[in-house]
Structures are given as structure tokens and as C-alpha cells.
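Participant: Read off the chains here:
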Amino acid sequence: MSSDTIVLLPDQSTARIPKRNYLTQENGLLSWLLTGDHKRIAILYLISLSFFFFIGGALAGLIRLELLTPQTDLMATDTYNKVFTMHGVIMIFFFLVPSVPATLGNFFIPMMIGAKDLALPKINLLSWYLYMAGGLLALYTMATGGVDTGWTFTTPLSTHYVNTNVLTTGLAAFIAGFSSIFTGLNFIVTIHKMRAPGMTWFRLPLFVWAHYAASILMVLATPVVAISIVLIALERTIGIGVFDPTKGGDPLLFQHLFWFYSHPAVYIMILPGMGVISEVISTFSRKRVFGYTAVAFSSVAIAVFGFFVWAHHMFIMGISNYAVLVFSLLTMLVAVPSAIKIFNWTFTLYKGSITFETPLIYTFGFMGLFTIGGLTGVFLGTSGTDIHLTETYFIVAHFHFVMVGGMLMAFLAGIHFWWPKMTGRMYPEKISQLAAVVTFIGFNFTFFPQFILGTLGMPRRYASYPPEFQILNVFSTAGATILGVGYLLPVLYLTWSLKYGAIAGDNPWQATGLEWQTQSPPLTENFVEMPIMDHEAYDYEWLENQTKNREKEAEVTSAG
Amino acid sequence: MPDSTTIAHGAEAAAHEEHPAYLRHHFNSTEQQADASNFAMWLFLLTEVMFFGGLFTAYLIYRNWYYPAFVSGSHQLNVIWGTTNTFVLILSSFTMAMGVWCAETRRRRGLVLCLSLTLVLGLAFLGIKTVEYREKIEKHHVPGTHYSIGAFLDPAHDEAASAAGDKPLALDMARHTEVYFSLYFLMTGMHALHMIIGIGILVFMIVRARAGAYTAGHVTMVENFGLYWHFVDIIWIYLFALLYLISRH
Amino acid sequence: MSETSEHAHHIVSPKVYVVILFALLLGTALTVGASFVDLGLWNPVIALAIATSKATLVVLYFMHVKYSTKLTKLTVFSGIFLFLALVGMTLADYVSRAWGQW
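Protein chains in written order, with numbering that gives the first Met the number 0: chain E, 0 to 559; chain W, 0 to 248; chain A, 0 to 101.
Errors might be hidden in some of the hints.
[What the hints assert, rightly or not] Ranges of calculated distance between the beta carbons of each label pair, as one might list FRET restraints:
| id | chain 1 | residue 1 | chain 2 | residue 2 | range |
| --- | --- | --- | --- | --- | --- |
| 1 | E | Asn162 | W | Trp80 | 39 to 49 Å |
| 2 | W | Ala20 | E | Ser352 | 50 to 60 Å |
| 3 | A | Val17 | W | Ala20 | 27 to 37 Å |
| 4 | E | Leu64 | W | Tyr21 | 50 to 60 Å |
| 5 | E | Leu33 | W | Tyr21 | 12 to 22 Å |
| 6 | E | Asn162 | A | Trp98 | 33 to 43 Å |
| 7 | A | Trp98 | E | Leu33 | 55 to 65 Å |
| 8 | W | Ala20 | A | Lys72 | 58 to 68 Å |
| 9 | W | Gly199 | E | Gly383 | 53 to 63 Å |
[Unchecked claim] Calculated pairs, DSSO-like style, for lysine-lysine (alpha carbon to alpha carbon, straight line, at most 30 Å):
| id | chain 1 | residue 1 | chain 2 | residue 2 |
| --- | --- | --- | --- | --- |
| 10 | E | Lys18 | W | Lys166 |
| 11 | E | Lys350 | E | Lys18 |
| 12 | E | Lys121 | A | Lys72 |
| 13 | W | Lys135 | E | Lys246 |
| 14 | E | Lys246 | E | Lys350 |
| 15 | A | Lys69 | E | Lys121 |
Worth flagging that the hints you see were computed from the coordinates, not collected in a lab. As the structure is a prediction and not an experimental result, all values here were calculated from the model. By construction, the Cβ of each residue, glycine as well, lies at the ideal position given by its N, Cα and C atoms.
My request is simple: use the sequences and hints to build the entire structure.
Facilitator: Okay, here's the thing in C-alpha cells:
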């Protein structure tokens with residue numbers, strides 16, 4: 000590990016957290032629960048998201064414990080079904096979808112574009128309350144018997160054959176969906192209408208472009224899953240017949256409506272993470288992102304193409320062969336913009352001045368693991384191979400590579416990158432680097448064996464399996480334990496850093512974004528004066544000039 | 000432009016505006032605020048388009064599969080009530096658009112009148128819907144345990160079916176009329192729910208309009224609600240054509 | 000200022016609204032009348048065409064899109080486009096199922 004670092008901290012003997020900042024400017028519980036400040040709402044989200052993440056993680060732990068042995072000995076099969084269902088529901092709707100947008104997006108989009116807040120602060124707060132309501136309802140569902148249909152609620156299982164809490168879980172997801180819609184709506188309006196003077200579209204940080212693309216998906220795709228949940232609810236309660244073959248309905252119609260959202264949902268989950276990666280790679284290689292325009296447009300391209308590939312989740316379900324052909328072809332196309340990003344990030348690193356701070360370690364993890372996950376998606380998008388690989392552990396490995404190896408690593412990279420700005424404190428570097436490496440190792444042990452298990456034929460969502468698969472499952476569970484340690488460590492040292500971390504100062508990473516040109520933690524109103532954007536994004540020369548000017552001023556004032 | 004009055008606000012004028020009470024702190028000008036909230040309302044309407052989109056998808060699929068059942072089901076709806084409701088809703092869109100004009104030209108009494116007319120027309124629409132729904136309930140055409148396919152197996156003994164000259168349907172096709180009615184209640188019910196919410200907001204707005212809240216330059220609420228109301232009208236325009244007018248010859 | 004540095008606020012005159020009102024009422028009468036005439040396959044096409052014309056008038060004039068910014072027009076267009084993609088691609092699956100296994 001290189002001992003070079005670009006971290007530039009203020010003199011610790013004299014540095015203080017600025018007395019007036021968004022955390023101290025108002026006091027009392029109500030000032031948090033009724034806040035309009037996007038930064039406070041981001042913190043509220045961060046705390047609640049972490050809570051739900053660990054519940055989802057505990058459920059994952061239960062899954063891996065059960066799968067240590069080929070028999071169903073830890074829990075009954077029905078219980079196992081409930082465990083993996085809730086793991087999926089909580090991780091997707093209550094962690095991954097809101098993760099980066101609701102925390103880092105909320106906190107930093109206004110600052111990055113030079114605005115005082117998002118366009119609709121009350122709607123922002125409403126988003127958080129809807130998220131909490133949905134989350135609490137999901138917990139209630141768990142406490143009252145759970146649901147065992149899988150997070151995909153496939154009909155007619157979910158409508159006609161189970162006696163579990165499909166309705167409450169559906170309602171929880173419905174409510175969480177509206178939370179997501181309002182967040183996306185807020186971002187789109189803000190990015191269009193509240194940019195500071197001089198902040199043209201092509202001077203925006205790529206983080207903003209990524210969130211813009213994800214927000215389009217949030218706003219346009221989520222309502223379709225909302226109506227599909229309404230239809231399930233009515234099918235279950237009244238028996239309207241839309242998904243019931245005995246009444247002439249088609250169960251596949253549910254899947255069309257469900258996946259019309261749930262495929263774009265995976266891009267909702269990953270795009271903001273990709274935005275984080277752009278920021279981190281640029282900062283820690285001291286170079287502007289290679290091919291800015293290509294990366295910006297590729298975010299939008301992923302969003303647009305992402306709308307047209309949903310039926311690749313339905314290849315074996317009974318859609319027509321012609322549909323299979325068309326959707327398979329379109330799926331190949333959607334991989335291209337993601338690949339463009341990986342290439343451009345790599346070229347950003349090339350001949351850059353690289354230092355290995357924690358955010359960049361997570362980023363390297365992202366790039367390798369997301370690439371593997373993405374490439375395995377090609378096997379699944381090819382309908383011929385999909386027939387063999389779908390509904391096996393290959394799929395489970397694929398989406399965990401992109402979501403956990405990709406998205407979650409990006410989330411952690413972002414949290415570490417912006418921690419100094421949000422809290423004014425630095426986290427301890429050595430242990431955080433260790434945690435990143437532990438996470439990477441644990442992740443690979445957990446999920447790589449699952450690719451092999453899948454190709455060998457182990458089905459997903461099964462509590463028991465043939466004994467010859469046990470060794471790989473044991474590897475996977477062992478990896479999960481290491482992974483758990485890797486995720487627990489940041490909780491501990493980040494909390495520690497709130498009191499004991501070094502004072503970070505305005506710009507410890509010497510980064511170029513507008514958010515780094517103001518105090519840490521920021522003021523409630525973000526900026527003292529409205530900034531005017533007069534330089535390109537990732538303009539390190541501009542940053543050097545700023546630093547030189549500030550040093551000159553400091554000399555003048557100390558001399559005079 | 001011969002058909003509209005143009006009032007231009009330059010950026011300079013906006014910058015020199017006083018900060019009215021309704022200007023939220025995070026906006027730089029009332030222009031920006033109005034612009035942003037208008038755009039936000041359009042985005043919200045997009046979500047509504049996609050929400051109803053799922054229902055229209057289901058409708059088109061099942062109409063394609065079970066056309067005879069959809070024809071017979073549609074003949075059970077009263078075209079006169081449906082057409083009347085369409086006229087009512089179009090008229091209410093007109094009164095709503097006039098309301099926006101009154102707000103823009105600072106006609107407080109005109110605005111209250113227009114909003115009140117819109118409200119009355121909206122209530123009339125719901126009243127007619129109630130009449131229609133009650134008739135459906137009485138004839139056991141509500142999907143669920145009490146659904147009856149008698150009228151489709153034996154149209155001669157059903158008033159609406161015989162008036163339309165329906166032939167008896169085979170048993171399985173007669174059963175599929177339940178899908179038609181599911182979609183009928185779903186789509187018109189979802190539409191009615193949006194009407195009820197709109198009416199609630201209208202009541203609130205009439206109270207505020209009487210106090211002059213919307214005729215002092217801050218017309219955003221009326222404009223944006225107008226967008227919502229027109230959208231609900233557009234949904235009905237399609238529902239009427241698709242549900243009521245399937246092959247009436 | 001982001002996008003509307005020169006913001007012209009058009010106030011649409013009531014005369015326009017009255018014309019559109021009558022056009023919509025006429026369209027309604029037309030569509031009801033057309034449904035009573037046997038035009039075979041063209042019946043649903045005409046019904047949808049009239050409905051779409053009415054909707055277009057409402058969008059352009061009552062909802063002021065004709066006098067709105069490019070952004071508003073783009074927003075409306077993208078909503079319609081995506082709605083058509085949802086309906087069209089889903090229906091394409093259902094329609095092509097009947098074509099058999101290649």
C-alpha cells in the first residue's frame with residue numbers, strides 16, 4: 000500500500016469544527032423531525048438506512064447458516080422462504096434503492112449545483128416519512144408471520160396459494176415506492192431549475208448526471224410496480240381475476256408489470272453508485288474524468304435502454320419466442336453504456352497521480368466486481384444459456400456481484416469520501432483501509448462459489464440441496480462471516496470518529512466540487528454567497544489557483 | 000400571437016422584485032419558484048400516466064383475448080349516462096381553465112365562481128357514477144363472490160343486453176365478462192378516487208380563493224391544480240371510449 | 000438563472016377556451032355516433048383517434064403546453080413515449096404468442 004496521500008488536514012492543534020453549521024444551527028427533536036434542510040434529511044435517511052441494512056444483513060446471515068448443511072435443519076422450509084423473501088424486500092426497497100440518492104444525493108446535489116436546498120424541501124421530508132412508514136410496516140410484517148413468496152411476488156403463488164402477509168408487504172413496498180418517486184421528482188426539478196449561474200449541464204459533476212438518470216427511472220418506472228401491487232391486493236381480496244387462469248386471467252401479466260419497474264430498479268440502484276465512482280476516481284487520481292461527455296451520456300443511455308429490457312427476467316416463463324429474441328437483443332445493447340463507463344474510469348486512472356485512500360480501495364473493488372457481475376449478466380441475457388442458468392445460484396451470484404460488490408462498495412466509497420464534509424471529522428485511515436480489504440475478501444469468498452454452484456445446477460430459494468454442493472456452500476457461509484466483519488467495522492470506527500476523529504477542514508481530499516469549497520460541516524444555507532461557476536468540472540488547475548490565491552491572501556493578512 | 004396576451008418578465012425585472020411572503024427561501028425569485036413547481040406537477044402527472052398505464056395495458060390485452068365478453072359487458076353500461084358524464088367533465092375542464100384565467104387576470108370573484116362551478120360539475124360526475132355503480136351492484140355485475148353471468152348466458156331476459164341485440168355467450172366466454180367488469184371498476188374507480196381527491200382540494204382552494212390568496216400574483220396553486228384536473232379529464236376521455244363504446248352497432 | 004432567463008408568461012384568452020370546449024363536445028358527439036355505425040376493424044381505430052385528438056386539445060390549450068417551454072413539451076412527450084413502450088412491447092408479447100414456435 001502506498002504511503003503517499005493527498006490528504007491535507009488543517010493544523011490539528013488549532014483547528015476547530017465551525018461553531019455554526021447545519022447540525023448546530025437549530026436544536027431540539029422537532030428541528031430534526033420537521034426539518035426542511037436536505038442535509039438533515041440525508042442524515043435521517045443515513046441512520047434509518049443503516050438500521051434496515053443490518054436487519055437485511057441478519058436475515059442474510061440466517062440464510063447462510065441454514066445453507067451450511069444440505070438438509071433443512073436450522074429452520075422449517077416455510078420459514079426459510081420467509082427469511083429470503085424479507086431479505087430481498089428489505090435489501091432492495093429499504094436499502095439499495097434509496098441508499099446513495101437519499102443520503103449522498105440529498106446531501107450533495109444542492110451543494111454541487113450551487114443551490115440552497117432541493118426544489119421541494121417539504122416533499123423531501125415526506126419522502127423520509129414514507130420510507131419510515133413502509134419500513135416499519137415491513138418490520139410489522141416480519142413480526143406477524145412474514146411473507147414467503149420471494150420478493151418478486153410471482154403470481155399465482157402470491158395471489159392464490161399462500162396464506163402469508165402478502166398484502167402488508169405489498170403495501171410496505173407501495174409506500175416505499177412513493178418515497179422513491181418523490182425523491183426522484185425532487186432531484187429532476189432541482190437539477191433543471193436551480194443550478195447556480197454558470198453551472199451549465201456539462202459543468203455538472205458526473206454524480207449529478209448519474210442521479211438525474213436514476214431519477215428519471217424512479218419517476219417513470221415506479222408507478223407501474225405500484226399498480227401491479229394494487230392488482231395483487233385486489234386479486235387476493237376480491238378475486239377480480241386479472242391474474243387467475245381459471246377466470247381467464249394471465250399470471251404473466253403481473254410479471255410484465257412487475258419487471259417493467261424492477262429491471263429499471265436495478266439501474267436506479269447502480270447509477271448513483273456509478274456517480275460516486277466518477278467523483279472518487281477523479282479525486283484520487285488527480286485527473287478530470289476521461290471522456291466526461293461519454294460518461295454523462297452513458298448514464299442517460301443506461302436509463303433509456305433500461306426501460307426496454309424487462310422481459311429478460313421472463314425468458315422461461317412463457318412469453319413468446321419472438322419476445323425472447325427482441326428482449327435478448329436489447330439486453331445486449333444495455334451492457335454497452337456500462338462498459339463505456341468502466342473504460343473511461345480506467346483511462347482516468349491511467350497516468351493519474353494515484354493514492355490509495357479508503358474510498359479508492361472500495362472503488363477498485365467496485366470496478367473489478369461490477370465488471371464480473373456485468374459480464375455474467377451477458378450469459379443471462381443470452382436466452383439459450385439463460386434457460387440453464389436462470390433460477391439457479393448463478394443468478395444469485397450475478398446480482399450480488401453487481402449490487403453488493405458493485406453498489407454497496409460504491410455506497411461505502413461515497414460515505415467515506417464525503418464523511419469529512421458531512422461531519423467535519425476524518426475517520427481513522429488504517430482501520431478503514433483494512434475494513435475495505437476485509438470486505439473485498441469476504442465478498443469474493445461468499446459469492447464467487449455461488450457462480451459455480453449455479454452452473455452445477457443448484458437452484459435458488461431452496462433450503463436443502465444435494466450433498467455434493469456442501470463444500471461450496473460452506474465456503475460461501477465462511478465468506479459471509481468475514482463480510483459481516485467488514486461491514487461492522489465502518490459502523491464502529493465511523494461512530495468513533497464523530498467524537499475522536501481528526502478535524503477535516505474544508506477540503507481534506509483537495510477535490511474540485513463546489514461542496515468542497517465551503518466549510519465542513521456545511522452551513523444550513525450551504526453557501527454564504529451564491530457561487531458562480533466559472534470553470535469546468537474536475538478542473539484541478541482551477542483548484543490550484545484557488546489554493547495559491549488563498550495562500551497569498553493569508554500571507555497578506557498575516558503580514559498586514 | 001393573436002390568441003393570447005403576452006406579459007414578459009425579464010431576468011432583470013425578476014431580480015429587482017421585492018421578496019413577497021410566498022417566496023420560499025431556497026428560491027432566488029418567484030419566477031424560479033413558479034417554474035419549478037409547475038415542472039414538478041408535470042413530473043407528478045407523468046407518474047400518474049404510468050400508473051394508469053398498467054391498467055390500460057391489462058385492458059388492451061384482455062379486450063384482445065375476450066372480445067365478445069367485452070362487447071357484452073360494455074353493452075351493460077348506459078351510454079347516455081356515460082356521454083353525459085363526458086360532457087360534464089369536459090365542461091368542468093373548461094370552467095377550470097377559465098378559473099386559471101381569472102387568477103392570472105386577478106378576478107377574485109370570477110375565480111371563486113369558476114372553481115365553484117368546477118366543484119359542482121365534479122360532484123355531478125360522481126353522482127352519476129354512483130347511480131351507475133348502484134345499478135351494477137343490483138345486477139350482480141361486481142366481480143367477486145356475488146358475480147352473476149346470467150345476463151350473458153341468456154341476454155333475452157336482460158334489458159340492456161336484449162336492447163343491444165346480444166347473442167348468448169358460451170359458458171367460458173360468459174365467465175370472462177368478470178375480467179371486463181374488474182377492469183371497469185378498477186379503471187373508473189381509480190379515476191373516481193382521483194376525482195374525489197381533486198374535489199377535496201377544490202374545496203380548500205375555494206376557501207383560499209375567497210380570501211384572495213390566488214389573485215395577488217401567486218397563481219401557481221390554481222395553475223398546477225388545473226393541470227391535475229385536466230389530466231383526470233383526459234383519463235376519462237379514454238375510459239369513455241374504451242369502456243362504453245365497444246361496438247354499439 | 001437556470002433555464003428561463005427570458006420568461007414570457009402567456010395568458011390564454013377565454014375565446015380560445017370556448018373554441019376548444021366546443022371542439023371537445025363535438026368530438027364526444029362524433030365518437031358516440033361513430034360507435035353506432037358498423038365500420039368493422041375501423042371502429043376502435045376511430046374511437047381512439049377521436050379520443051387522442053380530444054386529449055391533444057386539452058393538453059395543448061387547457062394545459063397550456065402550446066405556450067410552454069421546450070422542457071415541458073419534452074416532458075409530455077417522454078411520458079407518452081414511455082406509456083406507448085409499456086403498452087406496445089407488452090402487447091407484442093401477447094400478440095406474438097399466437098404465432099407459434101417459430
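Participant: State for each hint whether it applies.
Facilitator: Now for the hints, and whether the structure bears them out:
Between E/Asn162 and W/Trp80 the C-beta distance comes to about 41 Å, which sits within the given range of 39 to 49 Å. Checking the proposed 50 to 60 Å range against W/Ala20 and E/Ser352 shows it holds: the Cβ atoms sit about 52 Å from each other. Hint check: A/Val17 to W/Ala20, Cβ distance near 35 Å, so the stated range 27 to 37 Å holds. Judged by the Cβ atoms, the range 50 to 60 Å given for E/Leu64 and W/Tyr21 holds: they are separated by roughly 58 Å.
Taking the beta carbon of each, E/Leu33 and W/Tyr21 are about 20 Å apart, inside 12 to 22 Å as hinted. The hinted range of 33 to 43 Å is satisfied by E/Asn162 and A/Trp98, whose Cβ atoms lie roughly 39 Å apart. For A/Trp98 and E/Leu33, the hinted distance range of 55 to 65 Å is satisfied, since their beta carbons lie about 59 Å from each other. One distance hint, 58 to 68 Å for the beta-carbon pair W/Ala20 and A/Lys72, is violated here, with the actual separation near 32 Å.
Between W/Gly199 and E/Gly383 the CB atoms are about 55 Å apart, so this pair conforms to the stated range of 53 to 63 Å. As the CA atoms of E/Lys18 and W/Lys166 are separated by approximately 82 Å, the hinted pair breaks the 30 Å bound. Straight-line distance between C-alpha atoms of E/Lys350 and E/Lys18 comes to about 41 Å, which puts the hinted pair past the 30 Å bound. This hinted pair checks out: E/Lys121 and A/Lys72 have alpha carbons roughly 27 Å apart, not beyond 30 Å.
Simply put, W/Lys135 and E/Lys246 have alpha-carbon atoms about 19 Å apart, close enough for the 30 Å limit, and the pair holds. Between E/Lys246 and E/Lys350 the alpha-carbon distance is near 65 Å, which puts this suggested pair outside the 30 Å criterion. With a CA separation close to 27 Å, the supplied pair A/Lys69 and E/Lys121 stays within the 30 Å bound.
The structure fails hints 8, 10, 11, 14 (numbered hints given earlier, in ascending order).
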